[in-house]
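Colleague: Each chain, written out:
Protein chains: 2
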Amino acid sequence: MNLRFRLQVDLRDRSVIQKLFAETKFDAVIHFAGLKAVGESVEKPLLYYDNNVIGTITLLEVMAAHGCKNLVFSSSATVYGWPKEVPCTEESPLSAVNPYGRTKLFIEEICRDVHHSDPEWKIILLRYFNPVGAHPSGHIGEDPRGIPNNLMPFVQQVAVGRRPALTVFGNDYATKDGTGVRDYIHVVDLADGHIAALRKLSDSKIGCEVYNLGTGKGTSVLEMVAAFERASGKKIPLVMAGRRAGDAEIVYASTKKAERELNWRARYGIEEMCRDQWNWASKNPYGYGSPESNGVMK
Amino acid sequence: MNLRFRLQVDLRDRSVIQKLFAETKFDAVIHFAGLKAVGESVEKPLLYYDNNVIGTITLLEVMAAHGCKNLVFSSSATVYGWPKEVPCTEESPLSAVNPYGRTKLFIEEICRDVHHSDPEWKIILLRYFNPVGAHPSGHIGEDPRGIPNNLMPFVQQVAVGRRPALTVFGNDYATKDGTGVRDYIHVVDLADGHIAALRKLSDSKIGCEVYNLGTGKGTSVLEMVAAFERASGKKIPLVMAGRRAGDAEIVYASTKKAERELNWRARYGIEEMCRDQWNWASKNPYGYGSPESNGVMK
Chain A
1 MNLRFRLQVD
11 LRDRSVIQKL
21 FAETKFDAVI
31 HFAGLKAVGE
41 SVEKPLLYYD
51 NNVIGTITLL
61 EVMAAHGCKN
71 LVFSSSATVY
81 GWPKEVPCTE
91 ESPLSAVNPY
101 GRTKLFIEEI
111 CRDVHHSDPE
121 WKIILLRYFN
131 PVGAHPSGHI
141 GEDPRGIPNN
151 LMPFVQQVAV
161 GRRPALTVFG
171 NDYATKDGTG
181 VRDYIHVVDL
191 ADGHIAALRK
201 LSDSKIGCEV
211 YNLGTGKGTS
221 VLEMVAAFER
231 ASGKKIPLVM
241 AGRRAGDAEI
251 VYASTKKAER
261 ELNWRARYGI
271 EEMCRDQWNW
281 ASKNPYGYGS
291 PESNGVMK
Chain B
1 MNLRFRLQVD
11 LRDRSVIQKL
21 FAETKFDAVI
31 HFAGLKAVGE
41 SVEKPLLYYD
51 NNVIGTITLL
61 EVMAAHGCKN
71 LVFSSSATVY
81 GWPKEVPCTE
91 ESPLSAVNPY
101 GRTKLFIEEI
111 CRDVHHSDPE
121 WKIILLRYFN
131 PVGAHPSGHI
141 GEDPRGIPNN
151 LMPFVQQVAV
161 GRRPALTVFG
171 NDYATKDGTG
181 VRDYIHVVDL
191 ADGHIAALRK
201 LSDSKIGCEV
211 YNLGTGKGTS
221 VLEMVAAFER
231 ASGKKIPLVM
241 AGRRAGDAEI
251 VYASTKKAER
261 ELNWRARYGI
271 EEMCRDQWNW
281 ASKNPYGYGS
291 PESNGVMK
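Residue numbers (full-length UniProt numbering), protein chains in the order written: chain A, 1 to 298; chain B, 1 to 298.
One thing to keep in mind: the hints can contain errors.
If chains are identical, the list can't say which one is meant, so a pair holds when it fits in one copy or spans any two.
[Claimed, not checked] EDC-like mimics (lysine to aspartate or glutamate), calculated; alpha carbons at most 20 Å apart, straight line:
hint, residue 1, residue 2
1, Lys283, Glu272
2, Lys235, Glu271
3, Lys200, Asp118
4, Lys25, Asp50
Simulated from the structure, these hints should not be mistaken for laboratory data.
Predicted model, so just to flag it, every value in this text is computed and none were measured.
All chains, please: the whole structure from these sequences, using the hints.
Modeller: Below, the structure is given as structure tokens:
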């Protein structure tokens, strides 16, 4: 069994959202709807500004009109840009280095302004670090269209034989093994972070608050690949390539604020992330698609 | 005779804009459509993000779809925030200190991304300083609804007897007479700057370029009031009040880049600005409205 979640509502379509809110009384909204590929955002910035920014402004307006003023928004560690210091705390300087990042930064600023104008609004901005893994059931996982932009979906496609080798962008960074370091977080931990955020919205008098969702640990590309090889028993051939423009060297979270205020912390490490990623991959080598379609879902 | 210009197109209404572009081949667009009251933007941020940001994204998308990729956009000196150094050059650090300012900053960044993604786009961002005055004919001038947010419309309403006194926000700034210093520019000079920008779009291979439109001269509130008193022969009673939150101390433009690259410079000084402001005011004491409506146009 594959579970498929496809919400076909266009956030930018005000009349549709208005109808949704007129029909149902919502206590809160978790707003995950955003395009998220950095490279695509550089090529098609208006697509990103339209989908992410117009979508969010429209949603906020309709929510306000219906008196629903509780929001959890999926922001991203991308708002730390190329951090000068790690770990990134919620007070670290913000910058955006591509249109995707700017959509997140703009939306964060819009949310702060909205709360400031009307303190009835309670907004939690969750800055995701690098979500990986899959549901432990093996039924729900990530299935990107086209060439994956992120490390683990690419590793997974190599492991199941859909791609010959993993390209590693840069092995001359000032990190333990020269490859980029990120803070990978298991998607189940990430999901739990949203529950904690929802609880926070209803429990206390917060305003517009930001929390990092990460593990607080930095893992290099080569460390992650090694962990996946252990979990899967598969060898991942590597091709070393130059640095990719725009990539930061080392990014990981300070998780203290989320631990303290959301009473949440990540429970899983990279072993579990790779175990569940492989469980999903081996059960669904072509994701939600088929071998004939090379993974493209009809 | 009063000339009235009211364009009733809602930029956010994609189908209307599409129809407009389908019916007419435009060589270039000058996009002036924006809400501009700082205080209102703090109270109603979504109104500003909706009107200014959604409007611009929608316009850019429709322009791209119709192959019209020449834009002159009305930005603002507000993107210099509270400048650490004056004059502000086009390379000065940018910041926004209220939602109105953020809409301008966001749109500038969106325009840069759009040009970067498709070099066919030629975009000129004009950073207006403080436009004042009126057309010398006395037929066209500013007629703000409600209490004017800006100095000169307020002065004008005092001069014609519609308000008892001018409130001066702050007379303890580190300026020549303690009042805030701004770079006032005659609206006719500003209009000429747009013609120069349009010419620049068609004449040379520019990309996304920014120009200050100001005179390069800083004038204090008291200096401006004195000039208006000379031009009008009216005494403007003053009420001194505390600083207004968010106001910068001293802001004026470097105009070198516009002089060099647009072959444009402001021709009028504060004497002409006040002369034409008074000419408009005395011919139209209630703007486009009537005494009965206290200036509200039906």
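Colleague: Could you figure out if Lys283 and Glu272 sit no more than 20 Å apart (CA to CA) within one copy, between two copies, both or neither?
Modeller: Intra 16 Å, inter 78 Å, cutoff 20 Å: intra-copy only.
Colleague: Evaluate Lys25 and Asp50 at a C-alpha cut-off of 20 Å and name the case that applies: within, between, both or neither.
Modeller: Answer is neither; intra-copy 27 Å and inter-copy 24 Å both fail.
Colleague: First find the shortest C-alpha distance between Lys200 and Asp118 inside one copy, then the shortest across copies, and answer within, between, both or neither for a cut-off of 20 Å.
Modeller: Answer is within: at 19 Å inside a copy they meet the 20 Å cutoff, but 44 Å across does not.
Colleague: Measure nothing new, just compare the shortest in-copy and cross-copy C-alpha distances for Lys235 and Glu271 to 20 Å and report within, between, both or neither.
Modeller: within (16 Å within a copy, 79 Å between copies)
Checked against the numbered hints listed earlier, the structure breaks hint 4 alone; every other hint is satisfied.
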